[in-house]
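This is what each chain is made of:
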Amino acid sequence: MGPDIILDARIQTPLRDFTLDVALVARPGEVLALAGPSGAGKSSFLLAIAGLLTPDDGRIAVGGTTWFDPRARVNLAPERRSVGLVFQEYALFPHMSVQANVAFGGSGRAHEMIARMGIAHLARARPGDLSGGERQRVALARALAREPVVVLLDEPFAALDPVTRTEVRGEVAAVLAGVGVPVVMVTHDLADAAALGARIAVLEQGRVLQEAGHADLMARPASASVARLVGANLLAGTARPGPSGLTEVVLDVGGVVLSGEPGSGRVGVVVDPWEVVVARSRPGGSGLNAIAGTVRSLAPVGNRMRVAVGPVTADITRLSAERLALREGDAVEVVFKALATRLVPLG
Amino acid sequence: MRHTFTIALWLALGLSLAFLMVPVVAVFLQVPPGELVDHVRGPVVRDAVIVSLRSNVIADVIIVVVGTPAAYLLASHRAFPGRRVLVTLLELPLVLPPAVAGIGLLAAFGRSGLLGGELSTLGIHVPFTELAVVLAIVFVAGPFYLRQAIASFEAVDPRMVAAARTLGAGPGRAFARIVLPLAGGGLAAGWALAFARGMGEFGATLIFAGSLPGVTQTLPLAVYAQLGQDFGTALAIGALLVVISAAILLAVKAVPVWDPTSSSTPVSRHR
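Protein sequences, first through last, are from chains A and B. Using this note's numbering, read the first sequence as starting at 364 and increasing by one per residue. Using this note's numbering, read the second sequence as starting at 134 and increasing by one per residue.
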C-alpha cells in the first residue's frame, strides 16, 4: 500500500432513465464524496468500482493495476479487486458473530480492527443484537480488516439517528484518516461529506455537475441544483462557553463567532446563506457576528446574488448587491445573528 | 355483535381441529397400544419400513443434491427469457394426479417405453424394482423441494452475497458460507415437505413399481395390502407413519430461521 495508489475510474453505462458517464480520480488519504439526488447514479458508480456492476464501457485502474477495461478484456471479479465496501444498511451477516463478520475477509487484523472501532465487548454478539451505531462500526471494521486499497462507503450514515450519526461520523473520520487509501463515499447529505473533509462531486442524471470542496461549492455553485444541494455554510471551530449564556466558537480560519446553541469541543457552525448580510463596515450590537474578508466571487443565482466572502457565502438580493457596488476583491464584513446559527459536533 | 363474531371464529377453529384430529386419534385408539407395538414388530411392517426409508433417503439425496443448485440458479437469475415457463414446468408434477405420474413413468422407463430400449441395452430394468420406487418419489416429491428452495434463495438479500464477494469470497464460498446458512431454514422446510410427500407416496409407486413385499412395498402400500387381511397391522403402520410425520414436523420447527433480508435476529417460527 504505497502513497502512489490512485483510483482512476471512468464509468459509462446506461441506467434506467439516462446514461451514467462519470470520470473521477481519488488519491490516497483523500475522501471523494459523490453527492446528488437519489437516482443520480451515485451508487452505480460505487458498485462498478467494486465489480458488482459491469459497465458498458470505461476503465478502472488502481495504482498500476487495471480492474476493468473492456478494450483489454479485463474485468476482475469483486473478490479479486481489493475494496472495502460499507453498504448502506451494512449487509452484515446475521448468522455470524461480530468477530466472524469482521474476520470473514480472512485477514489476521480482525482483532485489531475490532479493538480500534471500540467494539471488542461485542465480538461475540450477533448483528441483530446491535444498535445502528454499533452495526456501522462493525461494517467499517469488516471492510477495513482486509486492508483494501480502496474504501467505498454507500450512504454510510443514512441509517443512523441524528445523534448517533454525529458521533459515528467523527469516529469514521478519525479511522479513515489513519488508513491512507482513496475513499469514495456516496451521500445525499453534504454535512457527511464536510465532516470527512471530502472533495465533493455533485452528480445529476449520471453526470458530474461540479467537483470541489464544500466551501467552493457554496461560493460558486455551477447550477441551481448544486446550490440547492449544498445548502448551508459550515464553519469548523472549537467551542467554549461565551458571554451571557452563548457559546463562543473560535474558528479554524480565524475569528470568533457566537451561537445561541450549546456546544463544546470540535463543532461546525452552520448558517444558511440567506441569514448572512454583507456590509461595508462592522455593525455594532452584541449577538451579531461579523467576519471580515474580501469578496471572492459574485454569482447570480435566480433573483439573488451569491457572494462569497472568505469562508462564508451570503445570498443577498441583487438590489443590495448593486447598492453596495460589490466587486471581487472588495474588503467587506459578513454579518449574521448568533441566533441564526446551529452548532453540529464534528469529529 | 362482536361477541357473536368471535364465537363464530372459535367455533370454526374448533371444528377444523376436531375434524382433522379425529382420524389421527382413531388410528391410536382403535386397537390397544400394546397390540399396536406387537403388530409393528411383524416382518411385513419391518420390510415395509426398510423399503420406505431406504427409497426415501436415496430419493431425497437426489432431490437435494440436484435440486439445490438448480433452485439457486433460478433464484439468482431472475430475468432470463423463459424463466417463468421453466419454473411452471418444474412445478407441473405438483398438480399432476399420482396415477398420471405412475403411468407417465411407466411410459418413459418401461420396457417398451420412451427410454426403455436404451435402458434395456444397458441391462437396466426399472419398473417393479426399488429404483422405480425411488424414481416415483423423486418425481412427485422433488417439485415440493424445488419450489421451496427457489423461494428461500430468492429471500436472501443479494447484498449479503455482494458483501461476501467484496470480502474476497468467490461465488462458491459466498454460496456455502452465506447463502446456504441463510436459506437453510427454508431448505429444511422444503426437504420436510418433500420427505412427507415421499413417505406418503402411493399411486405412482403402485402403478410404476407395484407392491412387492420386501422390494417395492412401501408403508402406504403395506397399509393397503394389509387392509383386507389384518386390520390391526394396517392400523399399526398408520400409527407409525403418524409418529414419523410428527417427528419431522418438530425437527424442522427446531431449525433456526434467519431473516435473510436483514441483519437481524432469527425469526423464530415458534412465535
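The hints are simulated quantities; they were obtained by calculation from the structure and are not laboratory data. A few of these clues could be false.
Facing chain A, from chain B, some residues (calculated, C-beta under 10 Å) [claimed, not checked]:
id	residue
1	Ala295
2	Arg298
3	Leu300
4	Ala302
5	Arg310
6	Pro314
7	Leu315
Partial selection, computed: residues in chain B whose CB lies under 8 Å from chain A [to be verified]:
id	residue
8	Asp290
9	Met293
10	Ala296
11	Thr299
12	Gly303
13	Ala309
14	Leu313
The beta-carbon is built from N, C-alpha and C at its ideal position, and this holds for glycine as well.
Hint-by-hint comparison with the structure:
no.: 1; hint: Ala295; verdict: 5 Å, holds
no.: 2; hint: Arg298; verdict: 4 Å, holds
no.: 3; hint: Leu300; verdict: 4 Å, holds
no.: 4; hint: Ala302; verdict: 6 Å, holds
no.: 5; hint: Arg310; verdict: 8 Å, holds
no.: 6; hint: Pro314; verdict: 5 Å, holds
no.: 7; hint: Leu315; verdict: 6 Å, holds
no.: 8; hint: Asp290; verdict: 7 Å, holds
no.: 9; hint: Met293; verdict: 5 Å, holds
no.: 10; hint: Ala296; verdict: 4 Å, holds
no.: 11; hint: Thr299; verdict: 4 Å, holds
no.: 12; hint: Gly303; verdict: 5 Å, holds
no.: 13; hint: Ala309; verdict: 12 Å, violated
no.: 14; hint: Leu313; verdict: 10 Å, violated
In terms of the numbered hints stated before, the structure departs from hints 13 and 14, listed from lowest to highest.
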